[in-house]
Structure formats: C-alpha cells, structure tokens
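Can you build the whole structure from these sequences, using the hints too?
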Amino acid sequence: KNQVEQSPQSLIILEGKNCTLQCNYTVSPFSNLRWYKQDTGRGPVSLTIMTFSENTKSNGRYTATLDADTKQSSLHITASQLSDSASYICVVSANQGGKLIFGQGTELSVKP
Amino acid sequence: KAGVTQTPRYLIKTRGQQVTLSCSPISGHRSVSWYQQTPGQGLQFLFEYFSETQRNKGNFPGRFSGRQFSNSRSEMNVSTLELGDSALYLCASSLELAGGPGGTGELFFGEGSRLTVL
Numbered sequence: 001k002n003q004v005e006q007s008p009q010s011l012i013i014l015e016g017k018n019c020t021l022q023c024n025y026t027v028s029p030f031s032n033l034r035w036y037k038q039d040t041g042r043g044p045v046s047l048t049i050m051t052f053s054e055n056t057k058s059n060g061r062y063t064a065t066l067d068a069d070t071k072q073s074s075l076h077i078t079a080s081q082l083s084d085s086a087s088y089i090c091v092v093s094a095n096q097g098g099k100l101i102f103g104q105g106t107e108l109s110v111k112p
Numbered sequence: 113k114a115g116v117t118q119t120p121r122y123l124i125k126t127r128g129q130q131v132t133l134s135c136s137p138i139s140g141h142r143s144v145s146w147y148q149q150t151p152g153q154g155l156q157f158l159f160e161y162f163s164e165t166q167r168n169k170g171n172f173p174g175r176f177s178g179r180q181f182s183n184s185r186s187e188m189n190v191s192t193l194e195l196g197d198s199a200l201y202l203c204a205s206s207l208e209l210a211g212g213p214g215g216t217g218e219l220f221f222g223e224g225s226r227l228t229v230l
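If you're matching them up, the sequences are chains W and D in order.
Quick note: the first sequence, position 90, residue 90 per this note's numbering, numbers continuous.
Quick note: the second sequence, position 44, residue 156 per this note's numbering, numbers continuous.
Warning: the hint list may mix true and false statements.
[Stated by the list, open to error] Here are the computed lysine-lysine pairs in the DSSO-like style, where the Cα-Cα straight-line distance is at most 30 Å:
| hint | chain 1 | residue 1 | chain 2 | residue 2 |
| --- | --- | --- | --- | --- |
| 1 | D | LYS169 | W | LYS1 |
| 2 | W | LYS57 | W | LYS71 |
| 3 | W | LYS71 | D | LYS169 |
| 4 | W | LYS17 | W | LYS111 |
| 5 | W | LYS71 | W | LYS1 |
| 6 | W | LYS71 | W | LYS17 |
| 7 | D | LYS169 | W | LYS57 |
| 8 | D | LYS125 | D | LYS169 |
| 9 | W | LYS57 | W | LYS111 |
The hints are simulated quantities; they were obtained by calculation from the structure and are not laboratory data.
This is the structure we're talking about:
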C-alpha cells in the first residue's frame, strides 16, 4: 500500500534554532517527492520538488534531502524564525495511477 | 500575477444536498487538481484535470465529480452530501501535470473552500 509517514507529529523549537523533519514513504514506483508549507487557514506553498536522481535541494533556509534507496526524506530548517510556524507536508507522486500521496504533516511551532 | 482563486470561501449545507465549488487557475496553467483536507485524514487527492480531461483520480466515491472548461477553470461537485464531507477543499493549478509519469508540475494552491455539512 502506498503510504507516506511523517515524524514528529508536532515540534516546538526556540527561534534561531535548527530542526529536521522526517518523511518515510512506501510509494512505488516513485516519481518525485515534494515538501509544502501550510500556514493556518491558508493553502500549502511549495518548498521543494525532488526527482529520483536528486538527493539535495535548497530553498533559502530550507534544505530537503532524499535517499531513494531507503525511501526517506528530510527537511532541515536553519535559523528558524517565528514565521516558520506552520504545518510541513511531505507529498510523494507515484509513476503509475497519477496519484499524489500526502503525509499527515508535522506541526512546527517556533517560540520567541 | 493573480493566484488561484476559489469560490465560495465558506459554505454551509445540509445532508443530502449537493454543492459545486469553483476554481480559477493561474493564467496559462492548464492543470487543475482538487484535494480534500480534514483534521483526521489530512490532505487527500481527489482528481486532476488537464486540457479539459480528467487525467488522474484518487480514491473517492462517485459522488465526487469535477470538470474543466476550455479556459482551464474547473468546478467540482459533491452530490448527496454526508456529514463526513465537511472539510476544506483545496484547488491547485500547475503548468503541467502534477501526477503520473513525468508529472513534476509545481502546484500553486488556492485558499480553499470550507464546507460544513449539517
């Protein structure tokens, strides 16, 4: 069964600290993996898209990694800001069926 | 450049009724996809349209349907509403297909339509 699991479910960190969010997937055949940021009451915003051949991609203070062998991805946030408080969603696309499979998200709270 | 526009933003319906939601994509985008978001299930993919044709479909019953017009605007319809259909319905547009073989289209989401079924 195609699944995407994210951990932790929620996380509280202090402003200025770094953090890493995890995403494990069982989607096959794999097409690509995306990370989205969703602020409360808003639609998700794309952070990165990675295909099979890419293992690192950065977008400002956000760096995503992908290990297609172990089917794991991580999103690292450097020098966190209060505006980073949001839900971070991992999405995996399968090459067959055309479905996008979403993780449940990690709720990040950055405190001053 | 205008973003993805969804209407209405909020609506309340009763069980058994039907509802139609509208999505206007970013100008030039030909793919529109729809998603259901609930606290318990998270985000779930409903379907994706490209050039007026449904290209990909999630695991939702036939009560959920959609269509895309020649100007890429899209509508989704839910018939015979159930309490469990209460959710935030999100629409996203992309230049190319978001799902399926080679589908790497970056998704741009609207703010959503929040449906409450009483």
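Verification of the supplied hints:
A threshold of 30 Å between alpha carbons decides the hint, and for LYS169 (chain D) with LYS1 (chain W) the separation of about 16 Å falls inside it, so the pair holds. For the suggested pair LYS57 (chain W) and LYS71 (chain W), the alpha carbons sit about 16 Å apart, so the restraint of at most 30 Å is met. Proximity of LYS71 (chain W) to LYS169 (chain D) is assessed by CA-CA distance (about 24 Å); at most 30 Å being required, the pair is judged to hold. At roughly 10 Å between alpha-carbon atoms, LYS17 (chain W) and LYS111 (chain W) fall within 30 Å of each other, so this suggested pair holds.
Only pairs whose Cα atoms come within 30 Å are accepted, and LYS71 (chain W) paired with LYS1 (chain W) is accepted, the gap being roughly 14 Å. Distance hint between LYS71 (chain W) and LYS17 (chain W) is fulfilled; the C-alpha atoms sit about 27 Å from each other, no more than 30 Å. Distance check on the hinted pair: LYS169 (chain D) and LYS57 (chain W) sit about 29 Å apart at the alpha-carbon level, within 30 Å; holds. Of the pairs offered as hints, the one joining LYS125 (chain D) and LYS169 (chain D) holds, with about 25 Å between alpha carbons and a cut-off of 30 Å not exceeded.
A threshold of 30 Å between alpha carbons decides the hint, and for LYS57 (chain W) with LYS111 (chain W) the separation of about 26 Å falls inside it, so the pair holds.
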